[in-house]
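Following the hints, put chains A and D in place on chain V, whose structure we already have.
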Amino acid sequence: MPILNIIGAVNYALDQEMARDKTVVTYGEDVGLEGGVFRATVGLQKKYGADRCFDTPLSEAAIVGSAIGMAINGLKPVVEMQFDGFVLPALNQIIGHVARMRNRSRGTYTLPMVIRMPYGGGIRALEHHSESIESIFAHIPGLQVVIPSTPYDTKGLLLSAIRSPDPVIFLEPKRIYRAFKQEVPEEDYFIPIGKAKVLKEGSHITVVAWGAMIREVQKAIEEVEKDGITVELIDLRTIAPFDKEAILKSVKKTGRFLVVHEAFKSFGPGAELIATVNEGAFLHLEAPPTRLAGFDTTVPLPKGEDHFIIRPDRIAHKIREIVNF
Amino acid sequence: MLTEKFNSLNKEMFSVLDKDGMVINEELLPILEKDKLILLYKTMLHSRIADSKALQYQRQGRMLTYAPNHGEEAAQVGSIAATEERDWLVPAFREMGAWLYKGVPLEQIYLYWYGNELGSKFPPNVKMLPISVPIASQLNHATGLAMASKIKGEDHVTIAYVGDGGTSQGEFHEALNFASVFSSPVVFVILNNQFAISVARASQTRSETLAQKGIAYGMPNILVDGNDVLAMYAATKEAVDRARNGGGPTLIEAYTYRIGAHTTSDDPTLYRKDEEVEEWKKKDPITRMKKYLIDRDMWSQEEDFKETESYEAFVNDVFKKVEASGIVPLEDIFKYQYEKMTPNLVQQFEEYNEFLKEGGK
Amino acid sequence: MYKFKFPDIGEGITEGKILKWFVNSGDSVKEGDSLFLVETDKVNAEIPSPVGGIVVSTKAKEGEIIYVGNVVIEIETSENALKSTSSLNEPIDKKSKAIDEGETAGVVGELEVSSQIIAISKEEKPSLEDESSIKVLATPVARKLAKDLGIDIHKIKGTGPVGRIMKEDIYLANEEKLTVSPVSRPSSTASPSILIPELKFAGEVERVPLSMLRKTIAKNMVLSKSVIPHASATDEIDVSKLVAFRTQSKNMAIEQGVHLTYMPFIVKAVTLALKDFPMFNASYDDKSEELVLKKYYNIGIAVDTPDGLLVPIIKDSDKKGILPIAKELSILSEKAKDKTLTLDSLQNGTFTITNYGAIGATSGIPIIKHPEVAVLGVGKIAKKPVVVENDIVIRDILTITLCIDHRVIDGGDAGRFLARLKSYLDDPVLLVLS
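Residue numbers (this note's numbering), protein chains in the order written: chain V, 1 to 325; chain A, 1 to 361; chain D, 1 to 434.
One or more of the hints may lead you astray.
Subject to a maximum C-alpha distance of 30 Å in a straight line, what follows is the list of computed BS3-like cross-link-like pairs (lysine-lysine) [said to hold, decoys possible]:
1. V/K47 <-> A/K150
2. D/K380 <-> A/K283
3. D/K20 <-> D/K215
If you want the ones that stay clear, here's a sample from chain D, every Cβ over 12 Å from chain A, calculated [to be verified]:
4. V23
5. D41
6. E123
7. K219
8. T234
Hints are computed from structural coordinates only; laboratory data are not their basis. Beta carbons: idealized from backbone N, C-alpha and C, even for Gly.
Extracted from the complex, chain V is given alone in its bound form (with noise of 0.2 Å):
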């Protein structure tokens, strides 16, 4: 079975998926020829040839304008976007196009269609090379938006979205692109959109977190765990729509709430979670359900990145402070 990383999935997906399904194109700037500047896309033009996997003038908006097009006309669009910091040009497409285009139509025209894009800070980059924008996509009814957290996940995750009729939003956390490697099935399987996964289960808190938040998350837990808390760990996957009915249980079990995310604390992800805990698990609160986020300030240039990135140890401080409420 071979065994990968986040990127290495992503193209092992990709390959698959275009060996199968001959309408499956994928494009975007330095797509075609050098495989993408993180190597998603290496290899791919070579075996399906320039028409199905191709580079693209740098022009973010004509990139996802044209796979709303090509979605209409029959063929499965995966576009990527070199940054996630440089999809802003694209939104004028994504919101008002991508989002609506099923509904506008009353179904006549549906987008099977994925974007792609490295996400997520933590890698010592320029600005914009380290956004987590996910909340202005989840906030858009008529999108779908996924972060897997394992090479596993990243295959699994990645064939639904590009077998949804649904146009989806696919986030990569950069940061842990080549982190580790992992068992990856050469056959089909599918992750579900929509459903998250309680990686740990244990009675004190649910700790919710997704992408490169993840391993932060389970460093804390190992941490905490010394004092007695045990921790039900929860990678949430798909951001919208999310597995609310996975989120419900567990909190009705433990009581107790903590989401971590890289994203802005303000308006981010983490509040629609709580939003979502405190309607429909209210009475089993034992402490304020919390969010720890990062700041509402400009994600920081290198030299002051590591105040911005939660390290494990706020995330266990966190967890005790709820806990010990």
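Frame of chain V; chains A and D shown alone:
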């Protein structure tokens, strides 16, 4: 090649019929069957009628805000007529004549302006995208449709419309650039009606013509008399053939005039002179074509009256149907966000339904 | 006849001025023909006729202001044309003022436009906080718990951070419902917090969780022992006469359906002694530093139950005879063992008697039940050799121990109380007669 004959950099405009319907360029006159010519004319006439009636309905308080097409019929109908049923039409929002020619039922068009999404649910054989409100963004969809046709090895062409205002949008540039790079089979038609609401064409860009912007993309381009339906047909036909034969995209500027207001909530007297409008009324696209046909015994005044009367009655019937269509069913608001409603949508829908059942208290 | 109302032509206008009529009475019009030119603040518009027919009359003159929804022209229709324009034209308030100059139309959609003037805006000055309504602090789980147990959460004192009511406080309150403690507050004379070292074990252990009752008892014992300075006095009483009397009366009592023990006599004796020495039937109010003497006599009898110690109360023991007391004792004892005691039977005691003699102990040192100020411990009655007028005789001897709250009672008082008690117990005739 018309695009070579008429150099946009020199402001050379292609036309074959003058404002009085006289042929001024015999050798470039497109050869068309009578049926086709009558169809061109009738469609323009129908568009004019449906358009004016829509305005009337609006003034009667029976229609919401409406964007009239008066004066642009030839640019719309002449261009679309050069395409086939298998080709795609990507509209902006002011191409009534083109939509009618393409086969969009009038009821659908009215439903849209009446405020119902069902107006964008076109019949299966009508390959047209819904109206695009974000200006010029539809051009990228057009490029995508065309790229897909090419990848699939189909000989389908996409024709896309944009206004003079839209040429200032970044996405106009991106779409044309993309289409050129990939040699996509798409025809871009700029309906230059001289105004973007109140902003006159000269204030939109320093380019002397809009067609010449194509040069920057290495794209064949041509400036055409937009009120000349036969010239529009000929220019578009050449572009469509070029695309279909793998020659890539073309940019056509249809030079026309918006006789009416931007929409029914706009007062053009604030930004332009009546004299200018009167001048352009003399160049009416329908009048000149009618004259051309009558001169060749292909049409008559009596047929014109009859056609007008019968279509007016038809329009009335259609609009009555639209008026009776009622409000959008609650479920429709929820069930088209995704293929299947998400848990949140189900919950919100059920909650609101409960509220309504209890009498909305 | 078709009455044409001036429609809102989509910009939320409410009125307009007729600039020019294109038709007159008697004119024939087709649907769509322009009827008149109206001036609004946005556009000058020609209004087309929605029907065909003959104009009957016009309702406004050129130059006149017309309002949306009002009839401006009547047309006799040639066929059954539309009855009226659609409901988009509901008549509006005629009194609405002219639209302000310079309001812009939106290019699409319909804006609501009106000259209505709303109240002046004022920035709020920061107001003083209202101290009167303070909510209890409690988590949702705690609140639900209180509700489920039927406890008013407002009456519970919270021991959590910032006075938050913890679940433990609620459980306690629930137990106290059964075991009588009133609302407690930190004592002004309570000892400072003590650091209890961690338990360490040297072998296998079994952990048995405490029942709620046990936890309550534990809490109460700690309270008593930490707040009340205990002092005790013990004495041996010759109860031979009492023993004889009881033996004599036992059968008669059984006929009355009563199981007669020594306890009713002791209760009676104690009650009489309390009447003579009111300070033993009291509570110490450490807040006001007052000794509160009670004029009612509720004697609690400690009962050993499988779950733990319960103290049912014999209310108004001064008003009851020995047999009634005996009967009541039986009943209460049964109920205690059945766990069917009511709250009423456990509350408002003034003095407690604990009988460790019943399980074979000779003497003991009991703990005072806060907020009482004394407790009597009663041992077993045993035959012992005693000296009477230089002879050794065998007598029935009962050892009793009195513990007192030394803040308000001294050894002398204790001695005197014991002596009086002794005198009552010495001769049962005295008990019956009093």
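Comparing the hints with the structure gives:
Between the alpha carbons of V/K47 and A/K150 the distance comes to roughly 19 Å, so the proposed pair stays at or under 30 Å and holds. Taking the CA atoms of D/K380 and A/K283, the gap is near 128 Å; set against the 30 Å cutoff, the hint is violated. This hinted pair does not check out: D/K20 and D/K215 have alpha carbons roughly 95 Å apart, beyond 30 Å. Against chain A, the non-interface label of D/V23 holds: every CB pair exceeds 12 Å, the least being about 16 Å.
A Cβ of chain A approaches the Cβ of D/D41 within 12 Å, the least distance being about 10 Å, so the stated non-interface status is violated. The claim that D/E123 is not at the interface with chain A holds, since no C-beta of that chain comes within 12 Å of its own (minimum 36 Å). Under the 12 Å C-beta cut-off, the non-interface status given to D/K219 relative to chain A holds; the minimum distance is some 46 Å. Distance check for D/T234 against chain A: the nearest CB is about 74 Å away, which clears 12 Å, and the non-interface claim stands.
Hint violations for this structure: numbers 2, 3 and 5, all remaining hints satisfied.
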